[in-house]
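Number of protein chains: 2
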Amino acid sequence: MKCTVCSKTAEIALRSHNSAFCREHFLLFFKRRIEKAIKDFNMFSKEKRLLIAVSGGKDSLVVWQVLNEMGYNTTGYHINIGLGIYSEVSENISKAFAKRLNRPLYVDYFEKEVGVSLREAAKISKKPYCSVCGMVKRYLINRKGTKFDTLVTGHNLSDESATLFGNILHWNTGYMGRQFPVLEDIGSLSRKAKPLIYLTEREIAAYAFFKEIDYALLRCPNARTTTGSFYKNILLEIEEAMPATRMNFLKAYFLKIQEKFREDVKLSPCKKCGYLTSQDICSFCRLKEKIKEGKK
Amino acid sequence: MKCTVCSKTAEIALRSHNSAFCREHFLLFFKRRIEKAIKDFNMFSKEKRLLIAVSGGKDSLVVWQVLNEMGYNTTGYHINIGLGIYSEVSENISKAFAKRLNRPLYVDYFEKEVGVSLREAAKISKKPYCSVCGMVKRYLINRKGTKFDTLVTGHNLSDESATLFGNILHWNTGYMGRQFPVLEDIGSLSRKAKPLIYLTEREIAAYAFFKEIDYALLRCPNARTTTGSFYKNILLEIEEAMPATRMNFLKAYFLKIQEKFREDVKLSPCKKCGYLTSQDICSFCRLKEKIKEGKK
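The listed protein sequences correspond, in order, to chains D and B. The first sequence begins at 1 in our numbering and counts up by one. The second sequence begins at 1 in our numbering and counts up by one.
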């Protein structure tokens, strides 16, 4: 197979783009997809201070690498959730990567911020680990993000199309109305952008491989098969039969459909901390309260 | 396994309803699903004259049977598309069923109405058989339907959820805005209702089996694997993992979402015949014109 651009031997074929690329032209293609996302959704300019939410996984390291290469002003932010070796490795990889890029990295610790470990927090709030962990991380990332112009996350096409797919199957219209590649800051929620929106997991993994990015490969010890990965697999099956379906589905949603669902978003400031929530008091404050009661 | 209602031995289990039924209570459940659909969407009353679009397949015969049993004023309408033994059998089954119900049945013939056979019409219009056949049948059914209060079709939950799913994947918002279990008559389009909207193919096949309804089993000789059946299979896979997803997906769409897409419907009367179309002249009139030109 030949590269679609230069006719050298191709290293990767992309059916949804009806293309194949040598390493050089794949890296160029990859950068252009990010430039296009930034431009299409007016994400940010070179003057802006960007906070990158860095888990240590491939998506967050890749988006940091590319934005840094492009000359954006980036700072990393990592949250250590305190799950043994998994969290230690993730923190170390994030720190090593910040050093490689020669960019600053903030690190916060779940237990220090919440007062108890994730395990205890899940027990106290009677919720699954993943839901407590996600809630706390979102809260902390938003809090840190408001000190920057824009918070950047590594959400990609595979993630976002699966999320949209699940939200549509259950018509979670409030979530659908908040799903967009760039979200302006409202109240206590920081401005957010997802520059990897036009790139699939496979493309991001290939980029990481070509660029020798040493990302965290350990799976979270609490991770099980989630409905998210179920939807991803369903979409891969559809993609197999009809290449580019995910891309067209997601892009058309953002450009033509999403505005129909904006009125379904019902958020108001938390009466304790001002964080935007669908309830009177946000989940983070409710967790903190429960921990306080427990300690009495 | 026991019947959820009477504890007799169950003959059918319905995971999406978390139930199992003996024959008697399945038939009752089935009837109630139709009554609920008629009521939820205000489909029609006993005084109305209903035209049932009858293909000879299980859906159309079952809906006719149930509505007749319930005491509705029904008349059948069959279109013979002239495809050899398949069409002969379909017409004969429809006629025999009309006799069994002791209700009138109109029959029209593709070739008589269009002037040429389906095969020729497809050639002349340079379109696939299925698209020409569907277009002509919709046109004729609408034309006949306007002479009645409501046109009833056998579209079921499996069909409608697959159609909606495909329309969402490609955001065909014009179609989404017209998809509803009951459509009021506008211009030349007859009023339409789909009483089987809350019942799956499997449930309808079981009803036909229990009631000894002798429906046409031959597949259309032109039928191939369609994208429709691909989407049906994808939804079955989702249903397997999460029972009742299709039902909730479709019902919530109709009750909460569909109105958001109504403004996307762009139909205006055909300049030749008044049939509502998204173009200046409807596909049926364009086909007739081409046939006329060809004959000159």
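Think of the hints as simulated: they come from the structure by calculation, not from any bench. Here the structure is a predicted model, which means the values were calculated and not measured. Wrong hints could be hidden among the right ones.
Because identical chains cannot be distinguished in the list, a pair is counted as satisfied if it fits within a single copy or across any two copies.
[What the hints assert, rightly or not] Below are the DSSO-like pairs computed for lysine-lysine, each with C-alpha atoms no more than 27 Å apart in a straight line:
id	residue 1	residue 2
1	232	256
2	127	288
3	123	31
These are the hints, each one checked on the structure:
no., hint, verdict
1, 232 / 256, "both (23 Å within a copy, 26 Å between copies)"
2, 127 / 288, "within (14 Å within a copy, 65 Å between copies)"
3, 123 / 31, "neither (44 Å within a copy, 47 Å between copies)"
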